[in-house]
Amino acid sequence: MEVKRNTVEFLVSGDRALFSDPVTRVGGEKTSYYVPTYEALKGILASVYWKPTIIWIIDAVRVMNMIQTLSEGIRTKNYYGGNDLSIYTYLKDVRYQVRAHFIWNENRPELAADRNENKHHNIARRMIERGGRRDIFLGTRECQGTVEPCVFGEGSGTYDLVDELNLGYMLHGFTYADEAVRDAEKGHMSVRFHHVVMKKGVIEFPNPEEIPDKDRRILHKMPVKPFGEAMGNFSGLGEFAAEEVSQ
Amino acid sequence: MNWVSSLCALYDANAYRAGAVERWKGRDLVLLPIGYDTMEAQIEIHIDQNGNFIGARTLEKDEAETLVPYPESRTSGIKALPLFDCLPYIAGDLLETVTFYFPGAKNEKDKQNKRERLRESFPLYIAALKAWCESPFSHPKVMAIYHYVAKQAVAEDLINSQVLLADENGIISDRIKIQNASVEKAFVRFRIFMNDNNSPDSILSDPDNAHDSAVWFDKTVQHSFIDYYSSTFQKKDLCYMIGEHMPIAKTNPVKIRGKWDTKAKLISANDDSNFSYRGRFNTKEKETGYNEALSIGYITSQKAHNALKWIIRRQGFSRDGVCMVAWENALRDLPNFYDSAAGILAKVSDEGEDDEAEFEEVALFEEDEADVPVTNYVSAAKFNAALNGYASKLSDISNMVVLALDSATPGRLAITYYKELDSSRYLKNLRTWHESCCWKHEYIQDKKLKVYEGMASIQEIALAIYGTEQGEDKSNPQLKLSKNSDNKSPMLVSAFERLRPCIIEGAAIPRDMVRTAVLKASNPLAYEAKFNYNKVLHIACSMVKRLYWEKKQRNEREGVIFKMELDRSNRNRSYLYGRLLAVAERVERSTYEKGETRVTNAERYMKAFSHAPFRTWTMIWNNLQPYMRQLKPSGREFYKNLVGEITELFKYEERISVDPLDGKYLIGYDCQRSELKRKPNGQSSSEEENKEENNEGEERK
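Quick mapping for you: the protein sequence lines, in order, are chains Y and X.
Using my numbering, you'd call the opening residue of the first sequence number 1 and step up by one each time.
Using my numbering, you'd call the opening residue of the second sequence number 1001 and step up by one each time.
The hints are simulated quantities; they were obtained by calculation from the structure and are not laboratory data.
Misleading hints may appear alongside valid ones.
[Claimed, not checked] Partial pick of chain Y residues on the chain X-facing surface, computed with a CB cut under 7 Å:
no., residue
1, 28
2, 71
3, 79
4, 89
5, 168
6, 193
7, 220
[Unchecked claim] Taking lysine-lysine and the DSS-like style, the derived pairs with C-alpha atoms no more than 30 Å apart in a straight line are:
no., chain 1, residue 1, chain 2, residue 2
8, X, 1347, X, 1255
9, X, 1419, Y, 214
10, Y, 77, X, 1263
For each residue, glycine too, the CB sits at the ideal point set by N, CA and C.
Let's have the full structure, built from the sequences with the hints guiding it.
Structure follows, in structure tokens:
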């Protein structure tokens, strides 16, 4: 595994996790995959630190604890009010080491001025040390987690001696319009899948663009979300100037 | 692999069985072909190969089950099945020949709607059948049915052959039922008598050609349907489960856990009513089945569901809605993790018997404390030999899958547990479970008290931990679990859920269950029947033993492996107090008249004793004195010496401590109890045992 210059490594852990299998999710009886999906890890890292300028690429995850499940009866809310009953199957006591890096989002030429690799890398590392900017959750909102820095591969994991474990065909992630590279996927939302194999506890994820067309499914049209000061959803250093002066 | 892939693999490995009826442990078992399901038929029509009517008859309940092409599940609305269907679909002349009163209809408009439905049914059916017959995949038998049905004389023929009967007024109406099914619901199947003989191979499970005419068993018809149906798909999409592009399933099969399981689906989507997933996805299209949130291949879905239904009916275990099934990749027999050691052994000894043979859980005899059951003593060695027997039959690459299903609501089914593991590892873990929990458990079989070494079944554990004595029969109270409004026992479900990983994966035993077991066992007054209390006590001992065994595995200071025999050198405070309690109980009980069942002081104070042993012991000891005086001098001497011997082993500060006792006291109590029981007069030479007991070094700390 090639280690990029702007690599970050972190340990994410929690009492439970639910990386739901889409097949069970639609019916409402969510069952977790055994390992986190690429998209779930990307989401965790985006909670730690993200800017539209960058795209996080997850290189690998290392499963540290034994994969255990627990199922729980859940009283869910109906869309139109009232209650429903479901059984959710969670993963129990999870710990993952994750290695990731970022690339520039070429779909955002307007943010080209923000492409300062050292800046983003340093902020990301600082944010990992502080446990992230937003709440960390493992797959679903009710599964809270924590993030801390680590050295990928350090320490012993349950699956260190298991040569190969085939985990089957799993969701890789979503390609949203603003990260779409292929022409057919531009302006659309699409899903990606891949066959997951865990070798000695480590799953190396293919880069989203390495996944062939046959493992992708283009869903509906979706516009790219615009960002910018004019939209009122993007702020630079400017608005802090006053504070600095007053101090 | 995920659950769908392993179920597909199971289907592929057994695909040669598809469509044939096997006898399995006294029941009929069918692996459904792709696109097939079973229906209960009420009417059978016989025709010849040119579609001429021969005869018709009604079917009895036991022959009613029929394999029918059932490509997509049919809920509401008018939708014809491809080959066999209900009378309104089959009979084009039904409305003309039968008088419909619609007894269930609310008003005139409702009647009109129902009539309209009946009118629309037949054209749908005949059009679909025509399409099949005109496709390159048509089959002579299907053609025969088409020719016959197209004559639109089915209802007339049925009246002539006395299947549709007139009421007392001579009117043939929908008020008359056919084998308890209303006329609109009566299901029809066909038998076709061909003049030319089909090759014998093409007809299934048919040594005497008796099935020759049965269209539903004809494999060539089944293949014809599958080929035809696959050709009707236009669009392909990605299958989320196996990653291939194939036609997509619009709906998924139901009735998974059993015939009674009507609507619960494993894969469902109720986005139209409750938006369980909408979020970033657009809705599902009803017509094509296109769904943004999910796409499952038709073949994948059929294979996975049919394999699951088959394996559940073959070797599944259902209780209170929880359904569990485990299978080995070559379908070899493996012991069930939820059985007791004796249950596993029983299955080895009488193979072929019904696998649900449970022990009678009834205490039918007068309790006599001195009775030590010896009949059919099942030792741990025998149990191990049985497991070795299983292991020897396995190949190196033997794998197994454990899967559990449960439903919170009637409409949906959830996979609550799924695990693939090496069969040899499973056997190893199963053995470890029974070894680490090994205690002597009693059960009753054929009205005899029997004993085995090992661990009780999950159900028995749940009964011991969460059960209370219930039942009208006061003389024979039974341990039962409380039930919820659905008449299920949530505690049983949770016991399965929580102990399963302990057994299958060697996970740690839940502490709260051990604690509850100890609390239950500390309260003998809660049990009328001695048998029930003993069961609770022994299961508590098993669990306490397991707890300390686990500590030992983790190299914790407290870890210890308890022996089932009395350990006279153990100086643990709880263990010693447990021994004292057993002596006190024995002394009092040995003075009882025959048949006297009064509760002893020791039992009465047991709960208090477990909280404050030092203080309570003084009380028990004082209360014991009158009984001591009733003993023979030699007996009195023996017990006094024994109490002194035990007391000497205490460290003083531990003896007077105000701390409550931990679970180990039950072990000491039970060991001392059975030791004294074995020598009821207490006259044995204790030196001899000392020698026996002290030769192993695996004692405390």
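Status of each hint after checking the structure:
no.: 1; hint: 28; in the structure: holds, 4 Å
no.: 2; hint: 71; in the structure: holds, 4 Å
no.: 3; hint: 79; in the structure: holds, 4 Å
no.: 4; hint: 89; in the structure: holds, 6 Å
no.: 5; hint: 168; in the structure: holds, 4 Å
no.: 6; hint: 193; in the structure: holds, 6 Å
no.: 7; hint: 220; in the structure: holds, 5 Å
no.: 8; hint: 1347(X) x 1255(X); in the structure: holds, 29 Å
no.: 9; hint: 1419(X) x 214(Y); in the structure: holds, 29 Å
no.: 10; hint: 77(Y) x 1263(X); in the structure: holds, 22 Å
The structure is consistent with each of the numbered hints, conforming to all of them.
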